[in-house]
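Asks: Sequence:
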Amino acid sequence: MTSVLSRLRTRDVVALARPQFWPVSLVPYGVGLVLATGRLVPSAGDLPHVLAGALVIGPLVWLSVLAVNDAYDVRGDLLNPRKASAPLVTGRISPAAALWIAVAAGMVAFALSLTAGWSFAAGTLVALLLGAAYSAPPLRLKSRPGGDVLLNAVAIGVAGPMAGWAVIRPIGDFPWPMAVLGTLVGAALYLPTTLADLDADSAANGVTRGWTGGYRTIAVRLGREATYRLGLACWVASAGLSVLLAATNTVIPRRMLLLEIVMVPLLVASYRKHIGPSPSFRGVVIVAGWFLLPAAGFVLTYTGIL
Numbered sequence: 116m117t118s119v120l121s122r123l124r125t126r127d128v129v130a131l132a133r134p135q136f137w138p139v140s141l142v143p144y145g146v147g148l149v150l151a152t153g154r155l156v157p158s159a160g161d162l163p164h165v166l167a168g169a170l171v172i173g174p175l176v177w178l179s180v181l182a183v184n185d186a187y188d189v190r191g192d193l194l195n196p197r198k199a200s201a202p203l204v205t206g207r208i209s210p211a212a213a214l215w216i217a218v219a220a221g222m223v224a225f226a227l228s229l230t231a232g233w234s235f236a237a238g239t240l241v242a243l244l245l246g247a248a249y250s251a252p253p254l255r256l257k258s259r260p261g262g263d264v265l266l267n268a269v270a271i272g273v274a275g276p277m278a279g280w281a282v283i284r285p286i287g288d289f290p291w292p293m294a295v296l297g298t299l300v301g302a303a304l305y306l307p308t309t310l311a312d313l314d315a316d317s318a319a320n321g322v323t324r325g326w327t328g329g330y331r332t333i334a335v336r337l338g339r340e341a342t343y344r345l346g347l348a349c350w351v352a353s354a355g356l357s358v359l360l361a362a363t364n365t366v367i368p369r370r371m372l373l374l375e376i377v378m379v380p381l382l383v384a385s386y387r388k389h390i391g392p393s394p395s396f397r398g399v400v401i402v403a404g405w406f407l408l409p410a411a412g413f414v415l416t417y418t419g420i421l
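Numbering of the sequence shown is given in the numbering used here, commencing with residue 116 and proceeding in unit increments.
Be careful, since some hints might not be right.
To be verified - In silico EDC-like pairs for lysine to aspartate or glutamate, Cα to Cα no more than 16 Å straight-line:
id, residue 1, residue 2
1, LYS388, ASP314
2, LYS198, ASP314
3, LYS198, ASP127
4, LYS198, ASP312
As the list claims (entries may be wrong) - Distance ranges between label pairs, derived from CB positions:
id, residue 1, residue 2, range
5, GLY206, GLY261, 15 to 25 Å
6, LEU229, PRO196, 34 to 44 Å
7, PRO292, THR418, 15 to 25 Å
Simulated from the structure, these hints should not be mistaken for lab results.
Glycine included, each C-beta is placed from N, C-alpha and C at the ideal position.
Turn these sequences into a full structure, and let the hints guide you.
Replies: Structure below.
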């Protein structure tokens with residue numbers, strides 16, 4: 116293992132970890148911290164645990180999970196123009212080396228997570244195992260329509276905020292309405308990614324099924340229009356729930372109600388414009404950027420700044 120890892124170039128390992136994806140977990144992690152503390156900046160006493168948790172849920176977990184993903188997807192990725200420069204596609208990293216990287220990153224992540232508390236460490240272990248099950252046979256949840264959506268929605272919308280919360284407070288006290296809201300947002304943002312890769316995934320099914328279990332994502336199963344409408348429905352439902360929570364002063368402060376009412380049509384319009392049945396990853400990023408506006412409003416309101 117040591118000899119394999121020593122031959123790797125740092126930039127290829129970083130590329131494997133996809134830094135552009137880290138905010139997908141770090142932003143919800145920050146929201147969880149705000150929920151737990153009511154503060155915009157953690158106290159000095161909490162800071163070491165907070166930073167350790169951020170390193171785990173950001174770079175380390177992503178590296179471990181994505182290395183497994185790339186190792187088992189390499190044959191299909193060879194057919195995907197979007198991944199033409201990826202380390203495994205170009206041969207700069209072999210599938211075997213990627214799996215060693217996944218193991219090493221996972222071990223470091225779990226060891227570091229212990230410094231942030233047992234509940235955080237348990238969540239980290241579950242995240243690593245589910246991340247592997249998402250890509251690796253025999254489960255390969257990414258090829259089980261519905262399982263792929265549920266796993267990613269929960270990972271984005273629930274695991275992130277709960278991780279931030281668990282660093283500070285007991286997990287049993289977590290405000291569960293936010294888990295429902297987060298799951299809806301996570302599903303709405305994940306579903307378009309399956310549409311962006313639909314053509315490549317459909318082509319890959321013909322050449323990889325025996326090796327990996329195929330690429331039968333929910334978009335492959337349902338088609339473009341139905342997958343898009345499902346994502347839009349989740350997006351509208353998340354917007355409606357946020358208004359309801361603000362109106363009832365449940366987790367979301369009531370003084371955010373006006374902002375929520377103003378943002379809902381803008382969020383829905385953005386989704387319809389930038390997603391659609393044939394979205395690009397750029398469109399998904401734009402829609403996620405729009406979502407940061409009410410998220411920032413919530414953080415500033417919840418901490419008493421606004």
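Asks: Now tell me if each hint is right for this structure.
Replies: Hints versus structure:
1. As the CA atoms of LYS388 and ASP314 are separated by approximately 21 Å, the hinted pair breaks the 16 Å bound.
2. With a CA separation close to 13 Å, the supplied pair LYS198 and ASP314 stays within the 16 Å bound.
3. Restraint check for LYS198 and ASP127: the C-alpha separation of about 14 Å stays at or below 16 Å, so the hint holds.
4. Distance check on the hinted pair: LYS198 and ASP312 sit about 10 Å apart at the alpha-carbon level, within 16 Å; holds.
5. Taken as a hint, the range 15 to 25 Å is violated for the pair GLY206 and GLY261, whose Cβ atoms sit roughly 34 Å apart.
6. Restraint check, LEU229 to PRO196: a C-beta distance of roughly 42 Å satisfies the suggested window 34 to 44 Å.
7. Range check, PRO292 to THR418: Cβ separation about 19 Å, and the 15 to 25 Å hint holds.
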